[in-house]
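Undergrad: Since the structure of chain R is provided, determine the placement of chain P on it from the hints.
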Amino acid sequence: MSNRKNGFLKIADFFSERIPFYNLNFEHMVTRKEVPVHRMSWAYYTGGLTLLFFLIQLVTGVFLLFYYQPTVSDAHASVEYITFFVKSGFLVRNLHTWSSSCMILCLLVHLITSFAMKAFARPREMTWISGSLLLILTFAFGFTGYLLPWHQIAVNATKVVLQSIEEAGHYLPGGLAALPSYIKEIIQGEVSVGQATLSRFYALHVVILPLFFMGVIGLHLLMVQLHGMSQGVDTPSDKKERFFPFFILKDLWLWGAVFLVVFILSLCLPFESFYSYPLFEAYDALGSTPEGIKPEWYFYFVYYPLEILPFWVVMLGMTVAGAGIFFVPWIFKNTSRKVLSIIAWIMAAYLIVITLFGQLIYEMFKGLK
Amino acid sequence: MNKDSIFVAKLSDLSSARGKYFIDYQMRPALAFRDERGLPVLISAKCTHLGCTVGQDLDGQGRILCPCHISYFDIKTGQPTPGSPAKSPLPHLGWALKDEQGNLLVAQDPEGRREGAVDPSQAEKSLLFIVKRFS
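Going down the list, the protein sequences come from chains R and P.
Residue 1 is where the first sequence starts when you use the numbering used here, and the numbers rise one by one after that.
Residue 1001 is where the second sequence starts when you use the numbering used here, and the numbers rise one by one after that.
Be aware that a few hints might be false.
[To be verified] Keeping only pairs whose Cα atoms sit at most 30 Å apart, straight-line, the calculated DSBU-like set for lysine-lysine is:
(1) P/K1125 <-> R/K366
(2) R/K239 <-> R/K250
(3) R/K294 <-> P/K1020
Rather than coming from a laboratory, the hints here were simulated on the basis of the structure.
For reference, chain P alone in the conformation it holds in the complex:
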């Protein structure tokens, strides 16, 4: 897992209100946020309706907007708001946090299963990666 990963951002650079765009292993756009516990939330930014790239700003209800045909997605669940043209949820991406020496601290697969733990002081300095394969 250590070998096959791509750097996304320093965890401390992420925000809970404005996502950071990056490109995933399938060359699709994705967004990285930080949740209220300080952990990363990685979600696909390719709208499930017709493939536009969704916006990076969260509204007051924790949703991101696809400006093409006005679909709102809840970033926690990925689900579109009822009535949106998009019908299926934006998938979450798995991630890994490593320390500055490259040692794995904690990893989470796309289904939300987590391995390892990180304390807040470590987290501030940790680096966020996406991982090609979770075994």
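The shape of chain R in the complex, shown without the other chains:
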């Protein structure tokens, strides 16, 4: 009996340490909160920036909803209508596309710096797990939103990704082999990418994912506020900055500056100008897939390896990495910040090289064959 009592107490202790509700008061979370000052202090702004871009997505997304038509016959035309005929429609749409890329960029920087700073260490495991969930949700936003304009690149790239899911079935044993095909059918909703797929992606992109995201981000921010800032370096100096009003003012100042830059970019440079135009013609079911079909840049880290390496190697690697990210607080429990920094640098170098030079590397490999 006493053993059981101890067990329950242990569970209670575990949660009261991870979710310290006793800190849920204005004094702890605002007036007395401090932010450590050291060479990595800039990293404390990356999460806030990601939030800023999410807020931009939320507002511009609602504006786009006023005009967007989620049907295969009208989707493309409605996006063109927004771009060319709705007052400032092009600006709202450009803000939405630019900000989506910026959000993913900030999120990746936030992930890598939090990893290097060991911000996931006890008792902040919940903060890390909720953050990892936000990462996956953000990629899901990117994937589902990509289909909505219903142009050539959108539909064909979605077809390729969904077919890749089915492909995974070839590597699974026995009864499991049919599973990826079922998953694909559930997502696709019909025999080919069509209206059912568009309706599903639309519902996911504008209702289901945002609801989930807001819940998880609420939890994430609550955890950050309950625990306070992680120290971030091995030997913290005594130098600290008051969260309110100093850090928050700097944070807002940065938000203003970054918003100005994204606003000017959206005003002058459509994100789509990086691609050749035919890809943005309305999807033609009776036509070849146009050349140059690629996913958005933030999927290059998995797209180019898929082009170069055997399918199963990449799928296995991504599955392990995708599941492993949730266990980071336990896998790297006893790893020093120095080693974590080295791993973080390797991750960053991989992401930068594959994103910037993926095409070059792919052509090199193709040439060697």
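TA: Showing chain P alone in chain R's frame:
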């Protein structure tokens, strides 16, 4: 068989160099060509690698190209060129030719078994259909 068929094209409108896209019974894209004897060649246009729609133009060696990951397919055999990312062949589709009154002239199942015959003068005026079921 007469009942369950979908019109694809007039046979005389098909070309041996450039395929005509159509959608098959499974809602998948397919291409219709005409071979050197003037008979139809119907082949799936859904790449067996990752499902892109292959191009409609034949190259000098009688192949069509999937532009997504550069797989070439021989339209006679359906087989991908060695070294292509696609490993399995594009399947052929069965077809039926009917005269303008809707009478069946000749039909060929997906395995290439043919029933009936057509003379060249009839063929020029005939209409090409895909057939749901071959019995």
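Undergrad: Under the constraints set out in the numbered hints, which ones does this structure not fulfil?
TA: As far as the earlier hints go, only 1 is violated by this structure.
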